[in-house]
Amino acid sequence: MKTLRHPTLYLSALLILTTFALAARVGEAAPDFTATDSNGRTHHLADYKGKYVVLEWHNQGCPYTKKHYESGNMQRLQKEWTGKGVVWFTVISSAPGTQGYVTASEENDYAKRMHATPSAVLLDPEGNLGHLYAAKTTPHMYIIDPKGTLLYNGAIDDHPTADASDIPASRNYVSAALQEALSGKPVADAATRPYGCSVKYKD
Amino acid sequence: MRFRLVMFSCFLLACWHPAGAQKTAAKHAQLELLAQQSAAIPGRTLPLGVHFQLEKGWHIYWINPGDSGQPPVFQWQLPPGFSAGDIQWPRPEKMQTAHLADYGYHDDVLLLVPLHAGKDLKSNSRVEIGLDAKWLICREVCIADRAHLHIALPVSSVVQSDPGTEQVFANARKQVPRPFPARWKARAESHKKTFVLVVETDTAIVSSNPTSIRPPPAVDFFPLQADQIENAAVQVVVLGDTRVEITLQKSDQLIKPISLLKGVLVLPGGLPYRIEAPVIDREMPTGKRRTGEAPAAKTNPE
Chain Y
8 MKTLRHPTLY LSALLILTTF ALAARVGEAA PDFTATDSNG RTHHLADYKG KYVVLEWHNQ
68 GCPYTKKHYE SGNMQRLQKE WTGKGVVWFT VISSAPGTQG YVTASEENDY AKRMHATPSA
128 VLLDPEGNLG HLYAAKTTPH MYIIDPKGTL LYNGAIDDHP TADASDIPAS RNYVSAALQE
188 ALSGKPVADA ATRPYGCSVK YKD
Chain D
14 MRFRLVMFSC FLLACWHPAG AQKTAAKHAQ LELLAQQSAA IPGRTLPLGV HFQLEKGWHI
74 YWINPGDSGQ PPVFQWQLPP GFSAGDIQWP RPEKMQTAHL ADYGYHDDVL LLVPLHAGKD
134 LKSNSRVEIG LDAKWLICRE VCIADRAHLH IALPVSSVVQ SDPGTEQVFA NARKQVPRPF
194 PARWKARAES HKKTFVLVVE TDTAIVSSNP TSIRPPPAVD FFPLQADQIE NAAVQVVVLG
254 DTRVEITLQK SDQLIKPISL LKGVLVLPGG LPYRIEAPVI DREMPTGKRR TGEAPAAKTN
314 PE
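Read top to bottom, the protein sequences are chains Y and D. Remember, the numbering used here sits 7 above the position in the first sequence when you count from 1. Remember, the numbering used here sits 13 above the position in the second sequence when you count from 1.
Since the hints were derived computationally from the structure, they do not count as laboratory data. Small disclaimer: the values here were computed from a predicted structure and weren't measured. Each hint should be verified, as a subset may be incorrect.
Said to hold, decoys possible - Pairwise CB distance ranges, derived in the manner of DEER restraints:
(1) Asn184/D with Asp173/Y: 32 to 38 Å
(2) Glu141/D with Tyr55/Y: 57 to 63 Å
(3) Thr37/D with His51/Y: 49 to 55 Å
(4) Ile76/D with Glu77/Y: 26 to 32 Å
(5) Ser174/D with Asp173/Y: 40 to 46 Å
Don't be surprised by glycine CBs; every beta carbon is placed ideally from N, CA and C.
Construct all of the structure, not just a fragment, from the sequences and the given hints.
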């Protein structure tokens, strides 16, 4: 059989490949963004130069997110690391009508009820921030270093399950990376497979 | 319908009930533990299958679930002397949205697990086999679920074979990737942003499957390891008589070189093969020719 040439299909393949070229790679500059939080404030990543920034993709209905919130694991991490000067952004990219989509006031009620204390919750119903970082799952975690370089991209820990009883035996990649970076060491696990529910993007 | 026929023939022959177990209702799914044969033969392999029947639109996951999800996990409770082999994963489907792709199964799937029966079984006794299964089932949303399944079988040196059950197992085995033929060659050329997987066969790829010519033959590569290729990126396929070349976009998560690209290769006609392609570094200094970065080719519409 001879090789077929389909200019239209070829073109669409190239376009899709180009779309995927935009993403966040460890060791490269983290994509800059501007986003609005659940209190109406605007955050610009470049304004946080000099600090470590954590991005946590979130969907309150997802069993994997529930694993880390109903156990209090995520809240402990937020409290510990913001207490040490780290900026922690929870990001919600669920589109309206999909699981995890919340209005600003619904999110503030949830955060209060769950005792969640991120620096801010960024609302991303259009999925712009999600696509900029190619966020795949909830949770999906990123760490940006004080120079604006991506330090970590991946899972929250090494137990890809929805079972909270796995947390005590898990290696938390976010804490490990922050501890290593803060003590001047290279990050041992800088890119891992994120696990969880798919991010419920707008189609 | 097949099930009814089987039941009917069993009634006539007063034979073993082929299902051997009851269906267990779970969230958006029914499960049952099936045995291929009517009895456990001491010292021999006992093929079992965990049968998932899923409500329309719901899916479970392959061993590499892709961008999200989680594969089922089985924990067996076996009689002394028995051991369970690994799940023989059927080739998955690619479940793609605009930006993400997962690998898994819709509708109906039998996950085969070979058990090895102990040697010292008393004849005319019975063995009880239990299974704790955990899995994730998703449609737009995901549910983590679990069930306990059970089957009891007599010990015998004579087994009855039921055509309906044999067929169910035979169909499932067709979907399990076969070994890569020894006379074929595979390599993965590593470029800056892509792997070009090149497979050379010793027989014509398409003509051996005449039914596959229309619609266009589909070629798919499913990565066994996470974080090597971008799951949702289009796989650009160039198909020749005895050669197939697939351009795969590297994953953003791939930050260390790999020596083997492992996965399942599906060729036109749907035959799945296990593939382990040695990775060859083809990253050229700037200005030199770059093959495979963007071949003008037919794309795979899946």
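Original post:
Which earlier hints can't be squared with this structure?
Top reply: none
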